[in-house]
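Between the sequences and the hints, there should be enough to build the whole structure, so can you do that?
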Amino acid sequence: MLDSMNLITLALTPPLIAPFFIYLFRNNENLRDAVGVIGAFISFYATINITSGILNGTEYNLILLNIFNDLSLSFRVTPLGAVFGLLCSGLWILAAIYSIGYMRGNNEKKQTRFYVFYSLSIFGALCVAWSSNLLVLFIFYEFLTFATYPLVAHKETDESIKASRLYLGILVGSSLMLFLPAIIWVWYSVGTLNFTDGGILQNNFNPNHASVLLFLFVFGIGKAALMPLHWWLPAAMVAPTPVSALLHAVAVVKAGVFSILMIICYIFGTEFINSSGSGIFLIWASTITLFLSSIIAIRQDNLKARLAYSTVSQLSYIILGGAIATNYSVIASVSNIMMHGVGKITLFFCAGAIYVSAKITKISDLNGIGYKMPLTFIAFSFGALSIIGIPPFGGSWSKFYLLLGAAQLELTIIILILAISTLLNTYYLLDPVFRAFFMERSNDIKISHHPLTVMPAVCSALLVILLFFCVEPLLNLIYLIVGKI
Amino acid sequence: MIDFSVFQNSLPALQVVVPLLLAPVAVLVTIPFLSWLIALFGSIFCLYSSVSLFLLVSEFGKINYYMGGWLPPYGIEYIIDDASAFMIVLISLMGVFATVYAYQSFKSEINKKSQSKVYGMWLLALGGLLGLVTTGDAFNLFVFLEISSLSSVTLVALGSKNDKRALTAAFNYLLIGAVGATFYVIGVGLLYSITGTLNIADLTLKLSELTDNNSMKAGISFIIIGLMVKAAIFPLHIWLPSAYTFAPSAVAVLLTATATKAALYVLARILFTLLFNADEFTIIILQWVLLPASIVAIFFGTIRAVFEKNIRKLLAFSSLSQIGYITIGLTLGTASGVMASFIHIANHSMMKAALFMGVGAISIQLKKNIEVIDLQGLSRQMPITSSCITVVILSLLGIPLTIGFISKIYLLKAVFSHGNWPILFIIVLTSFLALGYAWKMIENIWMKEPVTTTINLKDDPKIYIPLIFLSIFNILFGIYAYPIVNAAFSASSAIFWKAV
Amino acid sequence: MIHGILGIWNYWIVIILMMTGLFIVISRHNLVKKMVGLTIFQTSVFLFYISLGKVQGGTAPILTGYKNTLYSNPLPHVLILTAIVVGVATTALGLALILRIKNEYGTIEENEIASFNTEENSK
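Chains as they are written, first to last, in this note's numbering: chain A, 1 to 485; chain B, 1001 to 1500; chain C, 2001 to 2123.
Don't read these hints as lab results, they were simulated from the structure.
It cannot be assumed that every hint is accurate.
[What the hints assert, rightly or not] Taking beta-carbon pairs under 8 angstroms as the criterion, some of the chain C residues facing chain B (in silico):
#, residue
1, Val2025
2, Gln2042
3, Leu2097
[Claimed, not checked] No more than 30 angstroms apart at the CA atoms, straight line, and that leaves these computed lysine-lysine pairs for DSSO-like:
#, chain 1, residue 1, chain 2, residue 2
4, B, Lys1462, B, Lys1448
5, B, Lys1107, C, Lys2102
6, B, Lys1217, C, Lys2054
7, B, Lys1313, B, Lys1462
8, A, Lys162, A, Lys109
9, A, Lys359, B, Lys1448
10, B, Lys1367, C, Lys2033
Don't be surprised by glycine CBs; every beta carbon is placed ideally from N, CA and C.
Encoded structure:
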């Protein structure tokens, strides 16, 4: 059995050194693509071990070096971080396999560069997940932004360069202008940035300024795509689909909401949020975002764009849970990181599979295609149902807890909006499935199947069901954050 | 048999004298390669002596060296304390890198007949800058100021082989520099007229006894304006963009890494050592002269850089805004602000020197002043140079894990503890705007296909070796920041008497 | 009042020369004239230093052998010797540059050079 330091190293090393091997084997396609998958398995193995260790009460620390006198470049696995780490490394396996199918099926150029930065992005996300203080979190948050930039701009067309400029501009701009000053504010007022159970601001920070600080944080973390900082997400859709899957389901947006949850749970502390009343504006900001983006999603005809707005909406569910800051709502948020991650990656895998097989990007073009690629669309509907929150799919748990949380604080209007939003979700996510299976197609279409794109989608669809029945370990992990209910 | 301890004891003088003495030798040798070797030897000797002085100072404290054994306030005194040791290490380190780089640059960028003479000027510039930061005598400081600027003017003018505009750039530099230096002399004269001394330490003592003296105020104002010219602080920066643009690449590297930095250091010395007792007046200078100037410089430099097509000019405008960050640290008037300035002085030297090297590597091959479009597809042709440039650009943007981030963190923290919100906002806003000009380069390097002009570019080991070192420094000290941060801390406490 | 102004007449000369020099540097287009202006500007500073060294009733600072002799202050003179050397070097360098500019551009008028340069920029 490896000790705690080595386990973290074991999990972080594969995505960090995989790029070297990928570059080394750049002339041998099979070997190069295998590197990513092998790395993903090693990393996942270590993460599973860490997570089970966390459940048994083990502490996981890795201190690399001191950056400043009182701050170190170090990692510590919090239960929240364990959830996110598990999501990243687990879905990396599926995404690595899927991107092989996608990239080859599409004959994309510069594949080596693609795999190098894909792997680096996972590294960044894992480091964010296990960061031990805000500064480390910020460092790898920025690292993640820059590591995903070449992926977003991958096609090198004018459109993708413009989109990646927007992507970088919003993410870097918000983090430099709001996130960094907020961090320094905390550092200056409290003297430490370490993530501590129950938060560090209580008694150290003027409660009247807490709203401003929280404002700086949530809007500084542009990755969480809270309106009006959500523009980059639909724009980034020009990227190849495996990247969209990575951006939306695994690394980037989840790193954003994860950071917000970390800040709420370990910097502010849920008690401080409630006692200072700083969460109120956030409740409304996230509610408005989740509602508006659902409405916008309905009007999108491009499948990936619709999924993007669905992501914006789902992220706000997570932020809302954090903002309400009761035990139930935090459970809802943390579990939704996992549930939405798995559900959304299924949807993106399917969208990519449809594109590779039939070159279709528009929803209105999907009519009658379901019988030609049944597996893909069944997987799609599983993912969609999970995100909507219908049992027996994983997502229903998080929706259930979120409603409980809102009910606990008697936020009637919020509950009403959540209900309406769920209806909208149902419409816009099941619409493609409905068209594919129940509407006639006017022209015939040629389908070329790529098993490597369909297989991961089916796997993650099965995972969605599994998550409904085996939610116990996940909930146990979350109880470590909020206390047993 | 040379007594080693004598040698060791005269290091403060030798590190200035040796490059100055080697300069005529380098000119007389007439074989470019040998001259280069002499220059390299000179710069390495400076590095050796400055590092050993730095170690001595950090162990035993301040060193006062009396030129020719004459005691101050009559003789000329050289002072090596934590702050000047910091600066000489920085200058001589960058000097070594620039000298290594210079051979290829001069070989292709200047006329054949000047090839060995140029190293004479090179050594004079280096020696002058080292003298500038170590001397403890106000008038001696003027002499070094002139030695370094006259030689840099000559160096800039040598860029006329590729572009004749180098001549007018050099002439403007000369004219503005001479006016600035004369302003400095007037200021020194005024101070001398009321104190009767030129020794800076003695001057400090005598000035502290005077209160509300108009001659003193006028003198200090003249001195500060003179130094602002040399340090290229807005609006006295006009010589800088064209000088950096048209000079030979190696000269741009040397100037950006050392010349303006030395002047900034002297400015900090004047502001916080000489003026440490004249509180109200200092605050007026800081708050009403330097602060607005640096804010405008930051905005002006950044915005001009965003719209600039010529890369060297773009970098020059970026330097202008970065100098603004350094002076903002000074204007806070706190020890942590001065410390942030010192960190950024060192870090900005390393970033900009590396960037000018990388850009120079291209212009050396294309034999012209390159524009942003000439970077297209560079990642294919020159992967090593491109990677280095990218790393340094990220550092310039202040991305975590680079030295730029360290600078930014300390500057923001200093501003924060000062409680000055608008400045904080300006810093973060402009560092975001910097993305505009920096990303232009990265996009062209990595996301575009090569064009006909750039298709034949190649990586050249002789050029990229110093570049690689500097890029590694950019990351290394961004992660392991202790050496620079600690040195800057002791430097700032040496300068900032109030802190002690 | 008048006595006060005239009593420091050396400073007035210095200031007039200084302003004249600076004005020439800024206003003239001819580069040689700019150098002339710069030299006048620097000379005014030399005068300033030298007049500082004058002690009322003092004699040249050469040892006379008598006690209680009042000497003028020699230090500013020595300083200005250095400054003159620097000034000569500056002038020489400036004139050398002007020669080169004349060769390359065919003119030493600043506005004409500037129009050459803007053409070059727009190319």
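Tested hints:
1. Val2025: Holds. Min distance 7 angstroms.
2. Gln2042: 5 angstroms, holds
3. Leu2097: 5 angstroms, holds
4. B:Lys1462 x B:Lys1448: Roughly 26 angstroms separates the two Cα atoms, so the pair holds.
5. B:Lys1107 x C:Lys2102: 25 angstroms, holds
6. B:Lys1217 x C:Lys2054: Holds, because 23 angstroms separates the two Cα atoms, which is no more than 30 angstroms.
7. B:Lys1313 x B:Lys1462: 25 angstroms, holds
8. A:Lys162 x A:Lys109: 19 angstroms, holds
9. A:Lys359 x B:Lys1448: 26 angstroms, holds
10. B:Lys1367 x C:Lys2033: 34 angstroms, violated
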